[in-house]
Structures are given as C-alpha cells and as structure tokens.
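Chains as they are written, first to last, in numbering that gives the first Met the number 0: chain A, 0 to 504; chain X, 0 to 404.
Because the hints were derived from the structure by calculation, they are not lab data. Just to be clear, a hint being listed does not mean it is correct.
[What the hints assert, rightly or not] Below, computed lysine to aspartate or glutamate pairings styled on EDC-like, alpha-carbon distance capped at 20 angstroms: (1) Lys324/A / Asp281/A; (2) Lys443/A / Glu393/A; (3) Lys82/X / Glu123/A; (4) Lys383/A / Asp204/A; (5) Lys82/X / Glu143/A; (6) Lys479/A / Asp228/A; (7) Lys269/A / Asp228/A; (8) Lys275/A / Asp338/A; (9) Lys163/A / Glu121/X; (10) Lys48/X / Asp100/X; (11) Lys364/X / Glu390/X; (12) Lys243/X / Glu130/X; (13) Lys247/A / Glu196/A; (14) Lys269/A / Asp232/A; (15) Lys89/X / Asp115/A; (16) Lys121/A / Glu85/X; (17) Lys186/X / Glu143/A; (18) Lys111/A / Glu85/X; (19) Lys111/A / Asp100/X; (20) Lys114/X / Asp38/X; (21) Lys82/X / Asp115/A; (22) Lys114/X / Glu196/A; (23) Lys133/A / Glu393/A; (24) Lys89/X / Glu196/A; (25) Lys111/A / Asp148/X; (26) Lys89/X / Asp107/A; (27) Lys101/X / Glu393/A.
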Amino acid sequence: MVGLNKNILRTILIISYIMVIALIISGLSAVFSYLNTGADRSSMLHTEIQKVEQYMPQLVWEPLQNEGRPMDNENLNALQNDYLDAWYVKQIAYKTNKTAGIKDYYTDSARKNLFDFIALNKAEDITIDATTLKHHPTLEFFSEDGQLAVITDRNVVEYKSVFKAEQLVLETTETSTYKMVFLLEDGFWRIRHLVKEHSEPYTFDTEPINTANLDIKGINYYPQANPWDMFGDDFSTSILSKDFDIIKNAGLNSVRIFVQYEDFGKANVKPEKLEKLKQTLDLAEAHSLKVVLTLFDFYGDYSVMDWTLNQRHAETIVSTFKNHKALLAWDIKNEPNLDFESRGKPNVIAWLDNMIDFVKSVDASHPVTIGWSNTQSAPILKDKVDIVSFHYYENLEHLNDAIKTLKTEIPNKPLVLQEFGLSSYSGLWKPNGASDEDQANYHKKIQEHIAANNLQFMSWTLYDFTYIPKAVVGSLPWRKNAQEHYGFIDKNGQTKPAFDYIAKP
Amino acid sequence: MPFKHTYLFLLGLILLSSFSVVQYSETTQPIQLITTQTDYNVGDSVVLKFSTSEGEHPLLYCSNSYGSTLLTGELNANILQYKIPENISKKRGAVSWKLLDKTMSLSGTFTMNPKAEVATMETYIGPPSIEAGGTDYTMLVVIPTDSLDNPVPTNTLVNAKHQFLASEETTDIFTKNLIAYKNIYSKQESGRMLVSSESLGINSKEFTINVSAAIPTDFTISATRPHAYADGNQITTFSTSIIKDKQNNVVSDGTYVTFFITNQKQNILKTTGTTIDGIAQAKIIHPDYKDAWTVKAYVDGMAESESIALQYKSVIEDYNVKFSEQNRSITVGPLQSFMGQMIPDGLHVKLHIYKTNKHIETLTKTSFNGYVNFNLKPAIYSNGNYNFSIETAGITKQFNTKKLW
Numbered sequence: 000m001v002g003l004n005k006n007i008l009r010t011i012l013i014i015s016y017i018m019v020i021a022l023i024i025s026g027l028s029a030v031f032s033y034l035n036t037g038a039d040r041s042s043m044l045h046t047e048i049q050k051v052e053q054y055m056p057q058l059v060w061e062p063l064q065n066e067g068r069p070m071d072n073e074n075l076n077a078l079q080n081d082y083l084d085a086w087y088v089k090q091i092a093y094k095t096n097k098t099a100g101i102k103d104y105y106t107d108s109a110r111k112n113l114f115d116f117i118a119l120n121k122a123e124d125i126t127i128d129a130t131t132l133k134h135h136p137t138l139e140f141f142s143e144d145g146q147l148a149v150i151t152d153r154n155v156v157e158y159k160s161v162f163k164a165e166q167l168v169l170e171t172t173e174t175s176t177y178k179m180v181f182l183l184e185d186g187f188w189r190i191r192h193l194v195k196e197h198s199e200p201y202t203f204d205t206e207p208i209n210t211a212n213l214d215i216k217g218i219n220y221y222p223q224a225n226p227w228d229m230f231g232d233d234f235s236t237s238i239l240s241k242d243f244d245i246i247k248n249a250g251l252n253s254v255r256i257f258v259q260y261e262d263f264g265k266a267n268v269k270p271e272k273l274e275k276l277k278q279t280l281d282l283a284e285a286h287s288l289k290v291v292l293t294l295f296d297f298y299g300d301y302s303v304m305d306w307t308l309n310q311r312h313a314e315t316i317v318s319t320f321k322n323h324k325a326l327l328a329w330d331i332k333n334e335p336n337l338d339f340e341s342r343g344k345p346n347v348i349a350w351l352d353n354m355i356d357f358v359k360s361v362d363a364s365h366p367v368t369i370g371w372s373n374t375q376s377a378p379i380l381k382d383k384v385d386i387v388s389f390h391y392y393e394n395l396e397h398l399n400d401a402i403k404t405l406k407t408e409i410p411n412k413p414l415v416l417q418e419f420g421l422s423s424y425s426g427l428w429k430p431n432g433a434s435d436e437d438q439a440n441y442h443k444k445i446q447e448h449i450a451a452n453n454l455q456f457m458s459w460t461l462y463d464f465t466y467i468p469k470a471v472v473g474s475l476p477w478r479k480n481a482q483e484h485y486g487f488i489d490k491n492g493q494t495k496p497a498f499d500y501i502a503k504p
Numbered sequence: 000m001p002f003k004h005t006y007l008f009l010l011g012l013i014l015l016s017s018f019s020v021v022q023y024s025e026t027t028q029p030i031q032l033i034t035t036q037t038d039y040n041v042g043d044s045v046v047l048k049f050s051t052s053e054g055e056h057p058l059l060y061c062s063n064s065y066g067s068t069l070l071t072g073e074l075n076a077n078i079l080q081y082k083i084p085e086n087i088s089k090k091r092g093a094v095s096w097k098l099l100d101k102t103m104s105l106s107g108t109f110t111m112n113p114k115a116e117v118a119t120m121e122t123y124i125g126p127p128s129i130e131a132g133g134t135d136y137t138m139l140v141v142i143p144t145d146s147l148d149n150p151v152p153t154n155t156l157v158n159a160k161h162q163f164l165a166s167e168e169t170t171d172i173f174t175k176n177l178i179a180y181k182n183i184y185s186k187q188e189s190g191r192m193l194v195s196s197e198s199l200g201i202n203s204k205e206f207t208i209n210v211s212a213a214i215p216t217d218f219t220i221s222a223t224r225p226h227a228y229a230d231g232n233q234i235t236t237f238s239t240s241i242i243k244d245k246q247n248n249v250v251s252d253g254t255y256v257t258f259f260i261t262n263q264k265q266n267i268l269k270t271t272g273t274t275i276d277g278i279a280q281a282k283i284i285h286p287d288y289k290d291a292w293t294v295k296a297y298v299d300g301m302a303e304s305e306s307i308a309l310q311y312k313s314v315i316e317d318y319n320v321k322f323s324e325q326n327r328s329i330t331v332g333p334l335q336s337f338m339g340q341m342i343p344d345g346l347h348v349k350l351h352i353y354k355t356n357k358h359i360e361t362l363t364k365t366s367f368n369g370y371v372n373f374n375l376k377p378a379i380y381s382n383g384n385y386n387f388s389i390e391t392a393g394i395t396k397q398f399n400t401k402k403l404w
C-alpha cells in the first residue's frame, strides 16, 4: 500500500516536472518568436506595396493626337493613375474636411486652393460627399522631357451630395469640362493648374422600354444543396438542368437568380463566376425560361466613395449578358429598403437612382426593377424603373388593399409580386407554425389574388433548404428553421401540397 | 333701382377685389435673379442678387474648378445678396450656382476670366543638353500666370527668345491649352544657348542649354617614344588627332578612347585615355624583346582611327652565360644595351631546367646591375646531367648535358 502510494506520488511529481518544463519552454519560445517578428527583411523596406483599387470611374481616353512628345503606354498609365488618385484624395478631403493626401497630387500652389476650400467648409460645417462617374480625357500636350502634360477632361460626370451641419441640403449631378496642367514631381504627376471650363446639370434620358408583353409567372430560384452560394464550388449544371425542368413543367416561365457582389469579385468580376452565370443563363434558355437577374446581393455599403467600384461590377455583368436571350430584366438590388435605417434613406435612394441610370446606359433594351421588400416602399423611384417589384410576406387579408393603393399610385407600370411564400415549419422553435396544408392553402389563396388583380409573380421558393448561411437571416434558430421550409419541394425531394398551386390557383 | 345697381356694382367690386387678393397671395413673388452679369475678372468682388418678397434665407450652392461650398445670403430690403467668397472669385473658370430654396429652380453659371496681365512666367525647359547638328532640339514650355496664379487667356502672346553664339532670335508663340511652347533646334556649332521668354512686359529668368558636339567622326593616331628599342623600360605614348563631330565641333572632354595593340604573336594589348580638347592620350611600356605592333583606336560604337605600325628593335645583341661552382652557379651577363651601357635593372631572365628531356622547372629573375645569377641548390637539384635554356630579350641560349655534382 505504501509502495503504491509512493509510486503514485513519484509519477505525479515526474509528470508535473515535465509539465513545468514544457510550459517554460513554450513560454520562452513564444517570447523568442515574438521578438523575431517584425524584423523580417522583406517587410522592413515596405517593398511590396499593394495597389488597392478604391476609385475606378469609367475613363475613356480620346485617341492620342497630342502636341509635343509622342505618348507611350507606360507614362499614360502613370498619368491616369495619379489623375484618378488626385480626384480620390480631393473627394476624401472634402468629405472629411481634412488635408491628408492632397500634397501628393497637387503642387504647392495648387494645393493652396484646396486648403482654402477645406478651411471655408470646415468653418461653415459643410461637407461634400462626391464622386465622379465618367471621364473622357484628351491628352493635349506632353513635353519633350516628359515632365509636363496638359489634359482636357470633357464631360466629367460628377455626383455630389452637400451637407450642412450633417443635414443633406443638395444632391446634384453635373457634367463639367476641366483643363489641367500636370507636372511630374517626385515621381508623382501632380496637378499644377486646374480650370473648369464648362459646367451644366447632368441629365440622362432613356427611351421607355416596352413592358406590355411581359407575363412573368416565375419563381425565386436557389439550388437545394447550396442556397445563397449558387455559383460556388458546388455549382452543377446537371442539377440546374433538372430543376429548370421541374420549373418549366410546373407551368412557370421565369426564374429570379441572385448575383452576390463580393462572391463575384466586387469591382473586378471573376471570369470563372461569369462563366458559371453564363452556363446558368444558357440552361435557362434551353428550357425556355426567362431570367430576372438580381445584382448586388449581399451588398450593403451604398457610400458615395464606393459607387465607382459598384459600377465596374455592374458594367462587367450587364455588358456580358445584355444580349443573352434568356435575360428578362435587371433587378438592381434585393430589398434595399431594409437598409434605409442603417445606411440612410437618401443615400440608398441616390445609389439606386444612379445605378439604374448606369445599367440603362450599358443596356438600353432590358427593363430594370428593384425588389422592394414591401408595398409601402414600392412607389420609390417609380418613374425610373420599368417594372415595379415588391415582396409580400404579410397577412393575405391586406394584400388586396395594398395592391389597390399601389395601382392608383402607379397606374402605368407592370406590378410584379416578386417574392411571397409561407414557411411550413412547425416545431420546437415555433410550436404553432403553419403546416404543409396551411402552406398549400396560402398559395391557393394568393394565386387567386394574383389572378384577380392581374399581377405578375415570382414565388419563394422551389426547395426546402437544409442549410441557411448566417448572412441571410442571422443565427437565431427560429428564423433559420422557418427560412428552411418555404419550398414547394421538401428536403427529401417530394413535392409538398403547395406544389399544385405553384403556377395557378 | 339705381340703388340696386350700385349695390350690385359694389358687391361685385368687393367680390372681385377679394378674388384678386386671393390670387395675389397664391402667386407670391418667387425669388428671382437680379444680377445679369455673367463674366467677371478674377479678383473682382462678385455678388449674386435675388429679389424676394418672403423673408427666407435659402443657402446658395456654389462650385468652381477646385471645390464646392454653400453660401449664406444677406437679406436687405427684399434683396437677397450672396457674396462669392474670395477663394472662388480669385480662380479662373466656370462657376455654377444653385439657390437652395423650396423649389430649387434657380441655377446658373458665371465665368471668372483671368486678368489680362502677367505676373509670373512659369518656365520649364528640357532636355537641358542637346546635340549640335540641327536635328536635336530642346522644348521651352511657358505658363504665364496672373497675380492670382491663374493661367492667362488663350492666345496670349509670348516671345520666346534665345541667343547662341552670334545669333539672337525672338519667336512669337501663343498660349493654347493653358501653356505656350516652342521647340528650339540646335545649330551646327556646339556651345551654350541662353533661353528666356517674355509676355506682356514680364520676363522670365535665363535658362542655359548645353549644346554638345554630336557623335565623333573617324580620326588619326600617332605614337611618340624616346627610342625604338625594346628595352622594357621606356614608355610609348599614343595620341589621337583632335576628335571632331561631322560639323567640326570638338567632342566633349572625357570622350573615352581605347587603343588596341596587336603584336607579332597576335596577342592584344589595350590602353585607354579620355579626351581633353578633343585629344586623348594613352601610355604603354616598351616590350622587352623585338616586336612589331599594329595600333588602332576606337571611340566605342561611334568612331575609329586608321591603324599605325610600330617596330621595336632588339636592345641586346648577345650575352654571356657562365657556369661555375660545379655548374651550380649560372651567371648571365653582362647584359648590355644598344650603346654598350648596362641594361637598366629589371630585365626578365628565364632559366628553363630539363632533366632527361623532361621539363622540371623555370626560374625567373630580373637583372641587377646588368647581371643575373641563378644558384641551383644540391638539396633540390640532385647530381646528374641537366639541359638548360636561358631566355632574355627575345634571345634563347641552349646548354645541353651540363653535369651538376
């Protein structure tokens, strides 16, 4: 007995000794490796400066016919980069009334003029949130020694929102022509003289798009296995093909598909994502389905400084698919009214307004819409969109009245009930939720309303899902579980009773 | 009855007047722009005036080349006045404005024109060094600015002046795209060119352009030496003629010239020099044996000379070799030069040692006081028969089967 105790004691002693030694060694090595960090030779000199793309307005050089020395691509690129950076630092300076960065892009004498403005605006509590959307520079002159250049930038489209004491007092879009003298100093092309030669309010007119022949009977579509990540690694054309078959055979004629802003690569849209989107549209065309493409899903910034990047994103996607036969309409943004509170209503509306103009400037032939999350927001920008889309998840009793009100407010544009549905979840997190029969009933009823009011529709959604990403409804289980059961087809691939009313009452 | 008419008339009048009052209040005088001037000179005091009947104080948005701001107006006897701040009124360019009243219907632009004066001549010139010959040029760029740092109007006259040797020229150029520029071509001669400019009575500073000679043309070379003997001691100096470009301008000092020397064995020796006043010199020591050199000089990639030939006569006709101390001490000498004088110290003498026709070693020594002495130590060279050959000043002597003991 004594011997056993001693052995136990010994073992404990030895183990604790080893533990202490191990702790000391790991502590010392942590200190050692901490002291070694930061002294990495490659990082000492900051040799690898990553160019961050933060300001990318549309910029098209006029053909080079400048006086003086012939221009080469290298120098033109450097000039263009510094020119855009000059705009960028100016916008930031007027937004914050701080002078950071100005001195890199404006010469001693020129920067004084900016400082004067900043001082004046700071004293008066004025801030200006501005961006430029289009540039058409012409190189007028490049000096023989490559140190001086003159540019005329014609029809620069400038958007500004002007704030006094943090209250928005003016939103304006102007188109102006600037003449500039640049000097190459310390490796920067700096603005020496800046003369606005002409300025007028910017107007963008589009031909109205004929939407009389539209008859959308559709569904919001995500594949069952990878909702909200449709164009990820699990992208599969065979699944899409099968699902499009189901949709077509159910008597529907269109699908609504979402393009995620960050997933697609923001301003520089990834070619592989575009390819997957193209395959999706091709498949839809093969199944005689039309596609409503919702841009900017999971995007929520709207800040004016972000606009140029958003436009590059939209430009790539819209210009790539504007001639695709499956395309039905561009849905600019899904439920932007939910961001009114957090991002500021005027800000969000200005973003939408400009984005509509931009999409129409790239593609003048397809209708544009916005997927408002309720009927109250639907009249916003009603004169800019071609189709008014709204979502309805509220009590069906009020639907008729809501539509009546909408129809009086918007008499001349097609109304699309772009999302509606009922979760058939009933369980631990929602004991008295709707059953499959309730869901079927709901769809029967709403289809009757749709028929009675002659609405177009896209229901939510084809499948019950097994996994909902956090970004969609958050991580609360009662929300997640409810979101999983909106489908017409359950997790096992069986059609639910509601499937009978997918396309008609 | 006439009373009735009067009443009716009066009633009608009252009705009418009330109507007109109602109408009047409906169309209260909207704010209207009074100022009609749309062109100002920079530095002028600019005030935008509006007539108004209501006591409102809307802000005025105002934007020029460099930025935008909001102005607060002053109301005086139903006239709203907005004084454009100095930082807008002092800069050239279009200024757009918008009155931020309820309707936001009033907007417009006016133009700030630069002053018709020049205060500073911002001058840039480059490249600062060009080549003579009339094809190369430097560019003068002038930005005349007024006292408020605005570029002057288009088509302002600028005199571009330059002086070179005897010529002084003035050319009229005009501003366009905010600048005026002129290409100034070189002449046939090299030298310094002075450039300046003038506009509306204001002169720039003086700028200097260096016009250097164009690339050199072919030249000739010569060699000078104290004597023609290959004594390995004296120095031969090569010189070029004055190297010039095709316009007869002497090339820049420091032009690098390489002299290539090919000897009889087809080995190449090289010596270099840089030009001063067009002449480059380079030196090389005489060979220590009879030789014939061919020399040619190059300015790399641009010009070359004709080749010249040099002969070096042998300085030593013959010498004695004396074996002593069991043939282990070999004395070479006296080594006598062309006048019979002892050769200067330092002439190389080589002793090749062979044993049974196999080369063992070569010993090299330099002469001292006209003699060279080799000592072959018994510890290294064991007793036996050896062959020796001695080589100096291009003369080889052979001694076969010498016995060391």
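> Which numbered hints are broken by the structure, listed smallest first?
Replying inline: 5, 8, 9, 13, 19, 23 and 27
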